[in-house]
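Novice: One-letter residues, chain by chain:
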Amino acid sequence: MASANRTSVPRIEPIWWALFSAGGFVSAFLVPVHLFVNGLAVPLGWLDTDIASYARMSELINQPLVRIYLFVLIALPLYTWAHRFLFTVQDMGLARFRKPLAVLCYGSAVTGSFWAVWILW
Amino acid sequence: MKASTSRSTIKLEVTRYRPSVDSEPHDQSYEIPCTDDMVVLDALNYIKDRVDGTLSFRWSCHMGVCGSCGVMVNGQPKLSCAIFLRDYKREPIHIEPLTNFPIIRDLVTDITDFMTKLKAVKPWIIRKKEKPLSEGEYRQSAEELERYHQFSGCINCMLCYSACPVYGLHPGFLGPAAAALAYRYNLDSRDQGNDERQPAIASQEGIWECTFVGECTVVCPKDVDPAAALQRSKVATAQSLLGSFILPRASGKSATEGSS
Amino acid sequence: MRATWWLRNPRYFLFMVREFSSVFVAAFLVLFLLQIRGLRAGAEVYQEYLERLHEPGWIAFHAVAFLFAMYHSLTWFDLTSKIQVVRLGRTVVNRRIVAGLNILAWLVVSGGIFLYWTRG
Ligand code: SF4
Ligand code: FES
Numbered sequence: 043m044a045s046a047n048r049t050s051v052p053r054i055e056p057i058w059w060a061l062f063s064a065g066g067f068v069s070a071f072l073v074p075v076h077l078f079v080n081g082l083a084v085p086l087g088w089l090d091t092d093i094a095s096y097a098r099m100s101e102l103i104n105q106p107l108v109r110i111y112l113f114v115l116i117a118l119p120l121y122t123w124a125h126r127f128l129f130t131v132q133d134m135g136l137a138r139f140r141k142p143l144a145v146l147c148y149g150s151a152v153t154g155s156f157w158a159v160w161i162l163w
Numbered sequence: 072m073k074a075s076t077s078r079s080t081i082k083l084e085v086t087r088y089r090p091s092v093d094s095e096p097h098d099q100s101y102e103i104p105c106t107d108d109m110v111v112l113d114a115l116n117y118i119k120d121r122v123d124g125t126l127s128f129r130w131s132c133h134m135g136v137c138g139s140c141g142v143m144v145n146g147q148p149k150l151s152c153a154i155f156l157r158d159y160k161r162e163p164i165h166i167e168p169l170t171n172f173p174i175i176r177d178l179v180t181d182i183t184d185f186m187t188k189l190k191a192v193k194p195w196i197i198r199k200k201e202k203p204l205s206e207g208e209y210r211q212s213a214e215e216l217e218r219y220h221q222f223s224g225c226i227n228c229m230l231c232y233s234a235c236p237v238y239g240l241h242p243g244f245l246g247p248a249a250a251a252l253a254y255r256y257n258l259d260s261r262d263q264g265n266d267e268r269q270p271a272i273a274s275q276e277g278i279w280e281c282t283f284v285g286e287c288t289v290v291c292p293k294d295v296d297p298a299a300a301l302q303r304s305k306v307a308t309a310q311s312l313l314g315s316f317i318l319p320r321a322s323g324k325s326a327t328e329g330s331s
Numbered sequence: 019m020r021a022t023w024w025l026r027n028p029r030y031f032l033f034m035v036r037e038f039s040s041v042f043v044a045a046f047l048v049l050f051l052l053q054i055r056g057l058r059a060g061a062e063v064y065q066e067y068l069e070r071l072h073e074p075g076w077i078a079f080h081a082v083a084f085l086f087a088m089y090h091s092l093t094w095f096d097l098t099s100k101i102q103v104v105r106l107g108r109t110v111v112n113r114r115i116v117a118g119l120n121i122l123a124w125l126v127v128s129g130g131i132f133l134y135w136t137r138g
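First to last, the sequence lines map onto chains W, R and G. Every letter in the first sequence is one number past the one before it in our numbering, and letter 10, counting from 1, is 52. Every letter in the second sequence is one number past the one before it in our numbering, and letter 117, counting from 1, is 188. Every letter in the third sequence is one number past the one before it in our numbering, and letter 42, counting from 1, is 60.
Bound-form chain W, shown alone (with noise of 0.2 Å):
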């Protein structure tokens, strides 16, 4: 037992885990319906195509509240596949790895945030 590391509360885990349950919230409320409309219903001529077009998808971008939507939608849920990958991976055997998976994962994760503020504004 690593009973040094019981004692110690760590300060970043939580928020972490905040990240992550809030971006499990937001796919599970927000993401079905993108991926329907833009990755299946639109390709497969189920819905008219122009709500994929170049106008009428600039027209919804150039809404600010548009744009902090998608930005929530982006990049929160990232948080949750880095916690979600991080742990699960780790105990699918890589748990020696634990530190610089961590690294990657939220470091990916937090790299997509600030790469999706790039790209939307």
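Accuracy of the hints is not assured; some may be wrong.
In silico DSBU-like links for lysine-lysine, alpha-carbon gap of 30 Å or less [what the hints assert, rightly or not]:
# : chain 1 : residue 1 : chain 2 : residue 2
1 : R       : Lys119    : R       : Lys82
2 : R       : Lys160    : R       : Lys119
3 : R       : Lys193    : G       : Lys100
4 : R       : Lys190    : R       : Lys293
5 : R       : Lys293    : R       : Lys82
6 : R       : Lys160    : R       : Lys82
7 : G       : Lys100    : R       : Lys190
8 : R       : Lys190    : R       : Lys202
9 : R       : Lys293    : G       : Lys100
Computed from the model, here is a short list of chain G residues facing chain W with C-beta under 10 Å [unchecked claim]:
#  : residue
10 : Trp24
11 : Phe38
12 : Ile54
13 : Trp124
14 : Thr136
Just the calculated beta-carbon pair ranges, DEER-fashion [unchecked claim]:
#  : chain 1 : residue 1 : chain 2 : residue 2 : range
15 : W       : Ile110    : G       : Arg105    : 30 to 38 Å
16 : G       : Arg105    : R       : Ile196    : 17 to 25 Å
17 : G       : Arg26     : R       : Cys137    : 22 to 30 Å
18 : W       : Ala64     : G       : Phe132    : 18 to 26 Å
19 : R       : His133    : G       : Ile121    : 40 to 48 Å
20 : R       : Pro90     : G       : Arg26     : 25 to 33 Å
21 : G       : Arg29     : R       : Pro90     : 33 to 41 Å
22 : R       : Asp98     : G       : Arg26     : 17 to 25 Å
23 : W       : Thr91     : G       : Arg108    : 50 to 58 Å
24 : R       : Val136    : G       : Arg105    : 26 to 34 Å
25 : W       : Gln105    : G       : Ile121    : 23 to 31 Å
26 : G       : Arg20     : R       : Gly135    : 30 to 38 Å
27 : W       : Glu101    : G       : Val41     : 27 to 35 Å
Calculated directly from the structure, the hints in this document are not laboratory data. Note that the Cβ used here is the ideal one computed from N, Cα and C, for glycine as well.
Chain W is fixed; fit chains R and G with the ligands onto it per the hints.
Specialist: The following block gives chains R and G with the ligands in isolation, referenced to the frame of chain W:
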């Protein structure tokens, strides 16, 4: 009369390990008479009394209260006194010691680790200052009791530790029952020990290792729902930490349930 | 404990499916972000991107990702209903009702987004 599913004898495969004789655990088969009203523990006792007196296992109450008789039955953690032979159609029935614990002898495991963790969360009522006797008892309303009641049914049987892959993978993990008991006392209106329990709960190996597999709740014979207790502790800990960025101190009984 | 522990028990396996749904959700969102980047780069680049979405490979990916996203949503409402304690006065609301209301809200929100996105 219709042919019943009951059998007159039953085959069991029981893990045997006697450190003085065996180099490692192995299975031993027994075939014993059985009736419809026999539980797995009855079969073990039959073997010990009539067939092989060297078989070792723990039990005490034979009524699902003491929590000492947990074993793996066909790979699932069960109280051997609460599970009927008749519910197992396939023979032989495999009986093994609880997984995730070191084995001492036959079906007896070493539970020191659990005991240490249990103590670490101080599962008793902590008062900053005891009231003098003359002021009477600590009173509690039915509603205050209801808040923690579900989490107070734990009999320390450790089935949840056997079911928990996270405990199997990270032996340092505080684990379901200890976390549930910590939560139970944190929710108790008479208790003032949240801060004292916090180091054991909020550490990396406290609640954060848990991935909400949920199997602890599935196997718990007392409907304690340790998985819910653990997740609610995460919510409460995250809330109080995030809250402490805004307010200097945001702990108290109202915050602990971590819910809306 | 062996690295294949999650194959031992169907509930462990479903747990893994649940956790890995996040990979598909994140992959979709990154693609979506790339699509927006295409939009920023001009009509031509964007058109190329749109056409790529018609390829069977991408359709197949989105179909699989959609199933995982749905699985995430449903398990998420189930899990949160185990964590959330909703009280009405003195009584605790049954968690199935809480999950049901969440699913209802999810359908309403999805419908709203659908209408806004497709009509404008
Ligand atoms: S929480 Fe349930 S399974 Fe775990 S030790 Fe207590 S009674 Fe047993
Ligand atoms: S013998 Fe006491 S719980 Fe089974």
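Novice: Could you work out which of the previously given hints the structure breaks and list their numbers from low to high?
Specialist: none
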